[in-house]
Each structure stands twice: as C-alpha cells, then as structure tokens.
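S.K.: Go by the hints and put chain B onto chain A.
Each chain, written out:
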Amino acid sequence: MGLFSYLKDKFSKKKGEESYVKGLARSRAAFSDRLALLAKRHAKLGPDYFEELETILIESDVGVSLSLRLIDELLEKSRQNPEMTPTEANEELIDMMFVSYVEKGGSIVNELAFEPGKTTVLLMEGVNGVGKTTSIAKLAYRYKKQGKKILLAAGDTFRAGAVEQLGIWAKRLDIEIVTGKANADPSSVAFDGAKKAREGGYDLLIVDTAGRQQTKANLMAELGKMRRVIEKELPSSPIESFLVIDATTGQNGVSQAKAFSEASPVTGIVITKMDGTSKGGIILSIRDEIGAPVRFIGLGEKMEDLVEFDLDEYLHALLVGDEHE
Amino acid sequence: MAFEALSERFQALFKKMRKEDALTEKNMEEALREIKVALLESDVNFKVVKAFLSDVKEKALGSEVTRTVSPSEQLIKICHDEIVTLLGGEESELALPKKGKLSVYMLVGLQGTGKTTTAGKLSLFFKKKDSKVMLCSLDVYRPAAIDQLRVLAGEAGVAFYETDPKENPRKVAKAARKKAEDEGFDALILDTAGRLQIDEALMDEIGDIAKEERPVETLLLVDASAGQDAVNVAKAFNDKVRLTGVVISKLDGDAKGGSALSIKYLTGLPIKLSATGEKLKDLEAFHPDRMAERILGMGDVVTLVEKAQEAIDEKEAEKAAKKMMSGEFTLEDMLKQMKMVQKIGSLGAIAKLIPGMPKISEEQTSKAEAEMRTFEAIINSMTPYERRHPEILRFSHKNRIAKGSGKTNADINRILKRFEQSKKMMEEMKRYQKSGKLPPGFPMR
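As given, the protein sequences belong to chains A and B, one line each in that order.
Each residue of the first sequence is one higher than the one before, counting from 1 in the numbering used here.
Each residue of the second sequence is one higher than the one before, counting from 1 in the numbering used here.
Derived from the structure by calculation, the hints contain no laboratory data.
Every clue listed holds true.
In silico DSS-like cross-links for lysine-lysine, where the CA-CA straight-line distance does not exceed 27 angstroms:
| hint | chain 1 | residue 1 | chain 2 | residue 2 |
| --- | --- | --- | --- | --- |
| 1 | A | Lys-181 | B | Lys-279 |
| 2 | B | Lys-50 | A | Lys-44 |
| 3 | B | Lys-235 | A | Lys-22 |
| 4 | B | Lys-272 | A | Lys-216 |
| 5 | B | Lys-240 | A | Lys-22 |
| 6 | B | Lys-235 | A | Lys-302 |
| 7 | B | Lys-166 | A | Lys-302 |
| 8 | B | Lys-240 | B | Lys-272 |
| 9 | A | Lys-216 | B | Lys-407 |
With the rest of the complex left out, here is chain A (with noise of 0.2 angstroms):
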C-alpha cells in the first residue's frame, strides 16, 4: 500500500490534528494542490511533466540537491514502469519523500525525557530573529502544564531588551527566572541557572542564548563552553540543545544546522514560524542534509500551537488535509 493511500486510511478514522491542518494551510496549497494539477494536466510523463514538477519541487524549499535526486529516481522509476502515469508518480514521489525522512533514523520520541531526581536542560540556539525566546515561552508552557518545575536562564545577554523579554514571559507563565546584567558573561548566567536549577530540585531548566550569525567563530565556541558549565555543575543531567529555524529561511537553513551541529551537538531542530509560508519543503531538506530530527514545529502564534513535531500529520496536512469535513 502507498503512502498515500496509508494516510488517508488512518485518517479517516481519526480526525487530522487541527493545528495541523490549519497551520500548513498554505504549504499545502502550494504543494499537493499543485501536484494535483500537474497530475491532470499531463496525461502521460514526458519531460514537460518533469519540469514543472521540479519547479513544485525547489519553489516548496524542498531543496535543491534534494529535489535533483527525488527527481533522478522517479525518472528512473518511470523508465522501469513505462506504464506509470502522472498520478502513479506523484505518489511514488511522496513515498521517496517519506523514505528520504525515515531512513535518517533516530528515535521517533520528540517529547522530552525526564528522569527522577534530575534537571533536564534545554540549550536554545539560532540564527537571529528565528523566535527562541518565544519558542522557549511555549515549551515552558507546555512542560508547566504537564507539571513540570521549571527555571529559566536569560542567556542572552548582548540583545537589548532580550532580558526583559524573556522576563515578562516568566511573569506571565508564573515561572522562575535566573537573569545576569547586561553584556555579562552569557556563561556565568548559564551556571548561575545550573546550580539553581540543582539546589532547587527544578525539573527542567531552559537556556536562552542570544543569536548569532554561524559564521562567527569566537560567538559558536561561545556555545560550546556555556554547555560545557552546565556539565559540570549537573554532570548526570540529559541535556538537549535545540537548534530553532524560521520556516521562511531558504537554503541557508542548511549551513546554519550544519555549523550549529559542528559547534556543539544540536539534539533535535524547532521550526518556527511555519503557519506564514507555503515553503513546507524546508522540514525534508534540513532533514536530508543534516539528519536531525526535527522535534517541535510552530503552526500559529498561540501558546499552544508549537507542536510536537509527527511525521504522519505533517505529510497527511501537507498532502490530504480534511477532506472529510
């Protein structure tokens, strides 16, 4: 059975997830309402159908090398199976586009872990203006609701006004909050929030970092040595470092999981912002080049709608969306 056909059997018995559907309205409209089209319009696969699909393909920032390669294969496909028609390959596409996310492995868990008598901490890292101190925001939302202890450590300490931005969070969430002075030593407030987040028993401590262009080599190793504080001061803590992307970046999404991944482990992405672009392709081409899982992605701006990333109603909201209503 094809993947397609996969979904909208386990769909049909259960509604779509809301937030989902909503919030890849657009992406879906550019991408399979698309590909729909190009399945009318071309009654056989020749090379017109070809290009406009690779146009779909690149236009969705699915990628470039990507959208070569799904390319490459399906015209190879079609040569074994000269039978194939367009609509035939479209869901041959998908297949090879759920095949291309699953084989990077990794576990499917995108919660985070807890243990007994341990802080979790959750490093929060990007480019700026990607929405990590909102993003944090969210995920202190969703963790207090599941009554976590939480702390949270203003690490970024250069932005103006992100020390406050991230304290009216904390207000308003009724959540503590470690903060340093201006221009400090982010490190210093990393290991303030550690000892804290230790002596206070706090379940999960999340880190905001400030953000930073990857291409700068003294602000990355900067990263690095915050983590390497917090080691030391909880050195049986799991601790995550989440890598946040904006959905509207294009290619350079890419270069800044890969330098961000050199600099210190990245153990999951958050994309943000996804509910504004019809680029839904970026969430394959970050998985392609650097093959870590995406965990959490943002479908609006509510506190509720950054969700636990799932692959199943990611490709049913991008591909069917709700049909049954």
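M.R.: This is chain B only, laid out in the frame that chain A set:
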C-alpha cells in the same frame, strides 16, 4: 560575505571556460546548468533564475566575438551586467530627512527580520547627517520590544517616544507624529511589530497607519536568508502599504541573499539599504554594481576605499607613511597602523573586499584580532623609551612587561620578531621606491 558561495562557483566556472575559444550553444549548456544550480542554492527565485538564464544565453550567443576578449571574460561581463540589472540597475537612494519639515519613516516586515535593530541603525545614520531624529515603537505585542528600542535610542543618542503598551498603535503613531512635529524634529522613525502577511487584522493596522502618517519611506525588511517565499511576502506588504523600498538584513552571515536578487526583478521594489553586522553603525547604502562585482568574485574596492576614508584621519596616515619611508618606524607606529586598519572594520570583512584575497576564515580573523589585542597590551606595558628602542629589551625588562600585560615572554618575543620583519619590509620598499621599481610579487592594482 553573503554572496561568497555564488562567487566561488562563478569563479570555478569561468576558470573552466578560459580554455574555450568561443561561446557556443554546447559549451554554454554546462555553464548555464551550473549557474542555475548556483542561483537556486542561493535562494534566487525560480522564476528569476529562468529569466536570468535565457537572457544570459541570448546575449552570450548573440555577442560578437572579438579577439581581445576571451569567452570567459565575455561571459563574466554578461553575467555581471545581468546581475546588476536584477539587483536594480542604478542605485536608488533613500529619501533623506529635510531640515524644518518632519519626514516619517516606517519599517515593516515579518517577525525576526531585524526591524527594531534597523530602526536603531537608521536613527544613527540620520543623526550622522545632522538630522534631529525621534524613534517610536508601535510594537505593543512582542514583550519588551519597546524596551529594546529605548535602549537602542540611548545608544544612538536620539530622542525616544515613550509608547504606552496598552494603547492602539494607530493612536501611538498619531501622537508621536504630533510630538515630533511640535518639537521640531526632522525625522520620525516608526518601528512596527512583526507580522505575517496573511494576518489580516495586523496588515490592516499598518495599512491605516501608512495612510494616516504618509511616510516618505515605507521600507520592508527582508532577511538575507529568506527562501523562495520572500517574493510573495514583499508582494503582500506592497499591496497593503505601498512600499518604497527594501532593506536586506543579516548580510554578515553566510546566507547568499538570493532573495534580494529576486525582489526587485519581480516586484520592482528597489533595495535601498543593507545591514551588515550587529553594531549600530552597520548599515550601508545598497550598491547594485558593487554587489554584482562581489558576486562575481571581483572584490569590492570602492567600498573598501570609502570605509577607509571614513575611518582614517588623512593627516595621521600621511605622517605614518612618511615615517615608514624615513626608516624611523617604531613599535608605537606599528600599533597605530594596526588600530587604523581595525577602525575600517574587522580584518575578515576587509579581506573580503580585496580582489584576489578572498579566503580568510572567521577563525583566522579572530586569531588575528586576538593577536592585535595581545600586541596592544604588551606595548602599553612598555615605557615610551622602550617602545622607540625595543633593541634594549633584556630578560628582566621582558619579565616586567609580561607581568604588566598579563602575557608571556614568548608573546613578547613573537611581537618583537614581527616588528623586525615589518621594519625590514619597510626598508626594502624604500629601496625599491628609490630605484623606481616595484618589488616582485607586489600587487599591481
């Protein structure tokens, strides 16, 4: 720099073309495919890529073969001209504030594109041109956005309008405008909240403000790393507020900035400014021709010269040059020179502007800058006599200097060795200058 990867590809491509003796349909095919992938990987919009390729092809095949120009040079020229056209042809200048009448500027864009930081930079940009500037935040949504702008206003030394976060942004804009007018300001910069182009309520809000306050410039912030969607975003904002231009932000990362290439072509909106760093001074006018040269790996000498002019005191420079040539070069002079270079910008940024000197990694740059700080600390720990006569330094002197500067004796010896080398080079240049010839390997340009 933003277009680095693209220029690397172009250079490799042109190197290959050098062996061919004419542009033909056949040898162009591979070149065009390379260009296509390179442009797409740089986030140039797919429609723009197609148009670009067909234009380049047409011009290349139709161009007359002259003996003096090699096919690769010919292709460079064609690509250069096409990129300049894509980036907007002529420079389009920002409308500057006039004395005696208030000009309103409004910055709009998606979340996280750099509006607030750019508002701060723009205020300094105008202040340097002797305008009386007021900053005002209309961002009552993002927590601490108003605080952020207040801090930047303080850093830039411009006036700040205290926005009440409970007030409607339309009312804030109106009140800020009245205050700025009453108090005789030349420029009022309105920083708006980030918004999605599909958020109707918020899009209506800036539409209303633009209608009411009639900005002389309504600028859209576009992140250099923006993907294929950037053009749609620009179109949506333009429909609502009638944009006057685009500012590209975060050009200091390695994002290739292809979205910039696309926006002018598909929307007609000119790129007016580019932001190239995190400091307030890092905002520049956008020059399409210079950017094209940078894309093609030709370096950007004009920008370098302009930066140098801004940073270097000419008299100081002349004095230093004379000293160098007279052979009385001291450690103090060397430090002064290094500082002068530092004022122009980071070493890495400078190297990127010099043709034929493209590859300095960020790591090397920070190493060089750390070395400069070591150097400064050491010299500052010397007596003035020692600075002029480093040859007298003995072990005991060095121990004292090492203690004073917090560096090691090895650091001191390394610096002294470098000084000796520089001095030798100066003498050599002096000799060559007298003989009227240039030393071998000296760059001709």
